[in-house]
Amino acid sequence: MVKINNNKTKLQVTDGVLIPARDDSSIFSAWRIVFYGALTAMILLIIISPQPYRDILFFISDGIIRTFQVTLSSILFALIIGLLVGLGRISRNILIDRICTVYVEIIRGIPLLVQIFYIYYALAKFIKLSDIVSAVIAFAICYGAYISEIFRAGIQSIPKGQMEAALALGLTRRQAVFRIILPQTVKVVLPPIGNEFIALLKDSSLVSVVAVSDIMRRGREFTSLRYEFFETYTMIAIIYLIMTLFFSRLVAIMEERLRTDVKPS
Amino acid sequence: MLSRVKIVNVSKNFDGVIALKDVSLEVKNGDVFFIIGSSGSGKSTLLRCINRLENVSSGEIWIEDILVTGSKANIRQIREETGMVFQSFNLFPHLNVIDNITLALRLVKKINPKEASESARTLLKRVGLLDKEKSYPEQLSGGQQQRVAIARALAMNPKVILFDEPTSALDPEMTKEVLDVMLDLANEGMTMIVVSHEMGFAKAAATTVVYMDEGEVIEIGTPDEIFNNPKKERTIRFLKNVLRA
Numbered sequence: 001m002v003k004i005n006n007n008k009t010k011l012q013v014t015d016g017v018l019i020p021a022r023d024d025s026s027i028f029s030a031w032r033i034v035f036y037g038a039l040t041a042m043i044l045l046i047i048i049s050p051q052p053y054r055d056i057l058f059f060i061s062d063g064i065i066r067t068f069q070v071t072l073s074s075i076l077f078a079l080i081i082g083l084l085v086g087l088g089r090i091s092r093n094i095l096i097d098r099i100c101t102v103y104v105e106i107i108r109g110i111p112l113l114v115q116i117f118y119i120y121y122a123l124a125k126f127i128k129l130s131d132i133v134s135a136v137i138a139f140a141i142c143y144g145a146y147i148s149e150i151f152r153a154g155i156q157s158i159p160k161g162q163m164e165a166a167l168a169l170g171l172t173r174r175q176a177v178f179r180i181i182l183p184q185t186v187k188v189v190l191p192p193i194g195n196e197f198i199a200l201l202k203d204s205s206l207v208s209v210v211a212v213s214d215i216m217r218r219g220r221e222f223t224s225l226r227y228e229f230f231e232t233y234t235m236i237a238i239i240y241l242i243m244t245l246f247f248s249r250l251v252a253i254m255e256e257r258l259r260t261d262v263k264p265s
Numbered sequence: 001m002l003s004r005v006k007i008v009n010v011s012k013n014f015d016g017v018i019a020l021k022d023v024s025l026e027v028k029n030g031d032v033f034f035i036i037g038s039s040g041s042g043k044s045t046l047l048r049c050i051n052r053l054e055n056v057s058s059g060e061i062w063i064e065d066i067l068v069t070g071s072k073a074n075i076r077q078i079r080e081e082t083g084m085v086f087q088s089f090n091l092f093p094h095l096n097v098i099d100n101i102t103l104a105l106r107l108v109k110k111i112n113p114k115e116a117s118e119s120a121r122t123l124l125k126r127v128g129l130l131d132k133e134k135s136y137p138e139q140l141s142g143g144q145q146q147r148v149a150i151a152r153a154l155a156m157n158p159k160v161i162l163f164d165e166p167t168s169a170l171d172p173e174m175t176k177e178v179l180d181v182m183l184d185l186a187n188e189g190m191t192m193i194v195v196s197h198e199m200g201f202a203k204a205a206a207t208t209v210v211y212m213d214e215g216e217v218i219e220i221g222t223p224d225e226i227f228n229n230p231k232k233e234r235t236i237r238f239l240k241n242v243l244r245a
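Protein chains in written order, with the working numbering: chain A, 1 to 265; chain B, 1 to 245.
Isolated chain A (complex conformation) (with noise of 0.2 angstroms):
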């Protein structure tokens, strides 16, 4: 997305999906086109030709639910380790903050895909952890390192003034940062954050490989049994293009109200 506004140029690259832009309402906005598209490309498959289309829908149900189970405690948990990780990164204890910053570089430099691997197949050397366990496991922590630093830059955006205006009013620090800095962090970070739970969403389909039985493993269970492909794999797309379309809207909605709340009429 480029925006350009008063000869500043602005780039604004999103790696997730399209999250609607507030002035965008025109009725043939991409978000639109591209939601109700999925949602009527789907209905008229089932409808015209149910055999195979209702069929995969049926058998990969169950997928979904797995889906989101996966997803919403590996954000859950991600949340989490981000804001330790995030409030250790901005900590005064020079220990600390090197121990979050090597976690988060290790993290960034291994693929997802090696860490689900890793946790799964490598520590049952060690600890047998059941797949659904070590996949959540493997994005919590994944995922927790680069929302740190969403709450990093998020609660270093937060001016100066403000934690010197409250210690300068008899607050701890700790009472400074859970009553003046974080609540102002939350409406900055919540955007990216939601940007990072659709991209969870979507890399949740990684854990298929680790015999979780998520919508991409139930795809494939069913390819398995009628060969048909072309026509699970454009189910697949369809259905996770519906799910992250959904969510995108969502955040973009929450992100509206909580602007709305800074600022009452």
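By construction, these hints were calculated from the structure, which means they are not laboratory data.
Here the structure is a predicted model, which is why all the values come from computation and not from measurement.
All C-beta atoms in this analysis are idealised placements derived from N, C-alpha and C, irrespective of residue type, glycine included.
Check each hint, because a few of them may be wrong.
Unchecked claim - In silico DSSO-like cross-links for lysine-lysine, where the CA-CA straight-line distance does not exceed 27 angstroms:
(1) Lys-160(A) to Lys-109(B)
(2) Lys-160(A) to Lys-159(B)
(3) Lys-109(B) to Lys-72(B)
(4) Lys-160(A) to Lys-134(B)
As the list claims (entries may be wrong) - Here are the computed distance ranges between Cβ atoms for each label pair:
(5) Val-17(B) to Leu-95(A): 22 to 32 angstroms
(6) Ile-90(A) to Ala-73(B): 17 to 27 angstroms
(7) Leu-95(A) to Arg-76(B): 39 to 49 angstroms
(8) Ser-61(A) to Arg-76(B): 34 to 44 angstroms
Fit chain B to the supplied structure of chain A, relying on the hints for placement.
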């Protein structure tokens, strides 16, 4: 009687740069100290050392019988005894006016919310903003925000209020409303240390004017002595430049 604030031979270095050099001042109860000097002269640094937002390199600062600069100093207690008003207001944007004022009362002084709100309203009345208690900072003008910031500092009932260029970020027409509030405080006997360029306020309200340059106190005296009868060459040159501007 104890001085309200006593600064004894304070020096401060920032990475080899001398910010304060052997500064000594004595502020008595009810005094309004007005510190002038060009930017970089150490005025703001001195204020920030008084409530320990900065640490001194050597010397002592006392607030009555509390040693601010001691390594075992209770920093929270120091900050309860000092109020600070910043150039950029630094109101908390996610809290409305009344919560901005009551937050520290509730968290630091442990006053119950109802009582805290009552005293906040009394203060808002004093700064003429009683009708804005539910507003958020960004809905207020700069002058109104700074008046809320003053009320917030007053709420803690400090022994001294430190004003760090309180009107420098304001349009001229808003400067007056803030200075009027400060003038009222001075007349009520509040002990204040003000870093500012508003010479009019100094003439009307200051008990003592301090001229600083390059981290040093160059001259100190009554407003009349400093403005009409400066003794030191550097003070004369500074005032000439300021008055010409």
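Now for the hints, and whether the structure bears them out:
About 24 angstroms separates the Cα atoms of Lys-160(A) and Lys-109(B), which keeps this hinted pair within 27 angstroms; it holds. Annotation: proposed proximity of Lys-160(A) to Lys-159(B) holds, straight-line Cα distance about 25 angstroms (limit 27 angstroms). At roughly 21 angstroms between alpha-carbon atoms, Lys-109(B) and Lys-72(B) fall within 27 angstroms of each other, so this suggested pair holds. Proximity of Lys-160(A) to Lys-134(B) is assessed by CA-CA distance (about 25 angstroms); at most 27 angstroms being required, the pair is judged to hold.
Distance hint check: the CB atoms of Val-17(B) and Leu-95(A) are about 29 angstroms apart, consistent with the given range 22 to 32 angstroms. Take Ile-90(A) and Ala-73(B): their Cβ atoms lie about 25 angstroms apart, and the range 17 to 27 angstroms holds. Separated by about 25 angstroms at the C-beta atoms, Leu-95(A) and Arg-76(B) break the suggested range of 39 to 49 angstroms. In this structure the hint that Ser-61(A) and Arg-76(B) lie 34 to 44 angstroms apart at CB is violated, the actual value being about 58 angstroms.
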